[in-house]
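J.: Those protein sequences? They're chains A and B, same order as listed.
Throughout, our numbering is defined as the position within the first sequence, counted from one, plus 250.
Throughout, our numbering is defined as the position within the second sequence, counted from one, plus 40.
Hints in this document: simulated from the structure, not taken from any laboratory.
Backbone N, C-alpha and C fix where the C-beta goes; we use that ideal spot for every residue, glycine too.
Certain hints may be false.
Pulled from the structure, derived: some chain A residues nowhere near chain B, Cβ distances all over 12 Å [said to hold, decoys possible]:
#	residue
1	A279
2	L333
3	K344
4	M367
5	D372
Across the chosen pairs, the derived CB separations fall in these ranges [what the hints assert, rightly or not]:
#	chain 1	residue 1	chain 2	residue 2	range
6	B	C315	A	S417	21 to 27 Å
7	B	G109	A	R519	49 to 55 Å
8	A	P447	B	P77	55 to 61 Å
9	B	V281	A	S417	56 to 62 Å
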Amino acid sequence: MKRLRALFLLPAWAFTLLLFLGPMLIIVAYSFQSKGIYGGVVEPWTLENYTRLFDPLYGVILLRSFVMAGAATAGCIVLAFPLALYIARSGTRKSLLLNLVMLPFWTSFLVRTYAWMFLLRDTGLLNSALLALGLIAEPLPLLYNDWAVIVGLIYGYLPFAVLPLYSNLERLDKSLFEAAADLGAKPWEAILHVILPLTAPGMRAAGVLVFIPCLGAYLTPDLLGGGKSMMIGNLVQNQFTSARDWPFGSALSLALMAIVMLLLWALLRRDGEELL
Amino acid sequence: MGDLQLEEIYKDFPSHRVVDGISLSIPQGCFYSLLGPSGCGKTTTLRMIAGFDEPDRGLIKLGGRTLNGLRPYQRPVTTVFQSYALFPHLTAAENIAFGLKRKGDPDTARKVTEALDLVQLTTKADRLPAQMSGGERQRTALARALVLEPEVLLLDEPLSALDPKLRKQMRLELKELQSRVGITFLFITHDQEEALSLSDRIAVMHKGRLEQIGTPQEIYLSPATRFVAGFLGAVNWVGPVGVRPEMTRISREAPGNGARVVEATVNSAMFLGDCFQVETRTSAGDSIIAQIAHGLGEFQRGERVHVWWHPQDEIAIPQ
Numbered sequence: 251m252k253r254l255r256a257l258f259l260l261p262a263w264a265f266t267l268l269l270f271l272g273p274m275l276i277i278v279a280y281s282f283q284s285k286g287i288y289g290g291v292v293e294p295w296t297l298e299n300y301t302r303l304f305d306p307l308y309g310v311i312l313l314r315s316f317v318m319a320g321a322a323t324a325g326c327i328v329l330a331f332p333l334a335l336y337i338a339r340s341g342t343r344k345s346l347l348l349n350l351v352m353l354p355f356w357t358s359f360l361v362r363t364y365a366w367m368f369l370l371r372d373t374g375l376l377n378s379a380l381l382a383l384g385l386i387a388e389p390l391p392l393l394y395n396d397w398a399v400i401v402g403l404i405y406g407y408l409p410f411a412v413l414p415l416y417s418n419l420e421r422l423d424k425s426l427f428e429a430a431a432d433l434g435a436k437p438w439e440a441i442l443h444v445i446l447p448l449t450a451p452g453m454r455a456a457g458v459l460v461f462i463p464c465l466g467a468y469l470t471p472d473l474l475g476g477g478k479s480m481m482i483g484n485l486v487q488n489q490f491t492s493a494r495d496w497p498f499g500s501a502l503s504l505a506l507m508a509i510v511m512l513l514l515w516a517l518l519r520r521d522g523e524e525l526l
Numbered sequence: 041m042g043d044l045q046l047e048e049i050y051k052d053f054p055s056h057r058v059v060d061g062i063s064l065s066i067p068q069g070c071f072y073s074l075l076g077p078s079g080c081g082k083t084t085t086l087r088m089i090a091g092f093d094e095p096d097r098g099l100i101k102l103g104g105r106t107l108n109g110l111r112p113y114q115r116p117v118t119t120v121f122q123s124y125a126l127f128p129h130l131t132a133a134e135n136i137a138f139g140l141k142r143k144g145d146p147d148t149a150r151k152v153t154e155a156l157d158l159v160q161l162t163t164k165a166d167r168l169p170a171q172m173s174g175g176e177r178q179r180t181a182l183a184r185a186l187v188l189e190p191e192v193l194l195l196d197e198p199l200s201a202l203d204p205k206l207r208k209q210m211r212l213e214l215k216e217l218q219s220r221v222g223i224t225f226l227f228i229t230h231d232q233e234e235a236l237s238l239s240d241r242i243a244v245m246h247k248g249r250l251e252q253i254g255t256p257q258e259i260y261l262s263p264a265t266r267f268v269a270g271f272l273g274a275v276n277w278v279g280p281v282g283v284r285p286e287m288t289r290i291s292r293e294a295p296g297n298g299a300r301v302v303e304a305t306v307n308s309a310m311f312l313g314d315c316f317q318v319e320t321r322t323s324a325g326d327s328i329i330a331q332i333a334h335g336l337g338e339f340q341r342g343e344r345v346h347v348w349w350h351p352q353d354e355i356a357i358p359q
């Protein structure tokens, strides 16, 4: 029986080793080599790619990425909390509402990001409507800036914040809300003093699930930021495309991974198995 | 302050009527029990008094003031929940302080200290609910509700989550506590022993209606309906009259004058520790159970005996 159980693990192990760990090791190897003239990597082996990481230019981009991802995460949680609370208290309509939250996943992220471009650009839906209503004289610069990127990130990752918050709120004993009211707490006091503190694990899970992909995002800043709003993901992408500097791109992505793992470790240390 | 009054309360759930025209008057300072089997509507009645549910019809009044329509946080009543519903992120002291802080009570610290002392939890003040025993949680829930000095304390089967031994001890503490604080207690239970031992008055509920209201003695000794008689304890029904097993005697010889006697055959005899339980069958096929003290004889299966009792111990249901 024990041997049979081990056998069940085999496909997943094979898959992980071959398709995840393998490329990982290649990236690690790349990061210690020099760039070829037309891309690819050549000898000699070097540490230069890592020392370059400390160039202030890249530090600024990393910091920007943190700020943008942080803003998007905060936005997601602020929007997701009331929504999750509403769904958790919706009785029989819960699964319908949850499916609606997941609905965007039915179409490609790329297509949906293009849709945002149509919404936000100068001749887009929003500006046209505001112009037609006479509320503005000329189009607002809604697209190709940091705000557009943050809005796009919030839109893209909102479901990842709703789901953990929902499952947290759903598990809370309903009598806790009643007890709060019974002891004189008005609804907003019950939310502030009982529900919010008890949702901390869900908030942390939501934060991690949104922050990590936002930090590495490249599609949204590329399309909605219009190249003016570079994040670390775009930098990595550039190294593998136009800059043809695969070794530095590898070092960058490994550095990003290290930062994310450090963050996760710090959070997991705090509330152990509760997260995810 | 004043009496709690329910006037013609009705409550329908989608599938059926849960509370079917209940009227009650609960005197101030009384330990009042609402006793009934699960599904009889007693918890719904409590929830309507607390304000978690609204009655479809009828009035809830406290000291002449109508509570209908008031939100739970506006009502001068507090609740001890069956699950206690302690806030898991707050310590015992913080749980007890919760209501006082919402009111902005300037005396919060002193009142919390006194409440902890009242329920003997002073040394456990900084424990989280997860670090407390069942009895400690129960006492925290009690203190949290009592510290607000409500006009009525609602208790929803507060002892049912405790193990039997602790339950008996908490029963004593609860009774003691109520006489000390003098607050009206409305105690919801399905346990007749709890209701009998704790209450000044008991209202027995069945299928959303009140079957009988009275003192524990009245309810037990003079039940108004067959349901009440049977719910409060075992009854042997012999035709229209009933008699409780502990009032039933068995002897080999015919008893003296004045006793009601039935001849029967012993079917089984069981030793229960504090007594023997002897089950007999009459020639008519009725089963009569007697609980008899030690030393009143031992009976064998198949023995012909006289089953008898005193007429004053009979339960006569008014027709």
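J.: Determine for every hint whether it applies to the structure shown.
T.: Okay, the hints, checked on the actual structure:
Distance check on A279(A): its Cβ is at least 48 Å (rounded) from any Cβ of chain B, clearing the 12 Å threshold; non-interface status holds. Separation of L333(A) from chain B is adequate, the least Cβ-Cβ distance of about 23 Å exceeding the 12 Å criterion. With 12 Å as the threshold on Cβ separation, the claim that K344(A) sits away from chain B holds: the shortest Cβ distance comes to roughly 18 Å. A cut-off of 12 Å between C-beta atoms confirms that M367(A) is not in contact with chain B; the least separation is 44 Å.
In this structure D372(A) is separated from chain B by more than 12 Å, as the shortest Cβ-Cβ distance comes to about 50 Å. The beta-carbon spacing between C315(B) and S417(A), approximately 54 Å, falls outside the hinted interval of 21 to 27 Å. Distance hint for G109(B) and R519(A): a CB-CB separation of about 50 Å, consistent with the stated range 49 to 55 Å. Look at P447(A) against P77(B): about 38 Å separates their beta carbons, and that is not inside 55 to 61 Å.
At roughly 60 Å, the beta-carbon separation of V281(B) and S417(A) lies within the given 56 to 62 Å, and the hint holds.
In this structure, the earlier hints numbered 6, 8 are contradicted, and the remaining ones agree with it.
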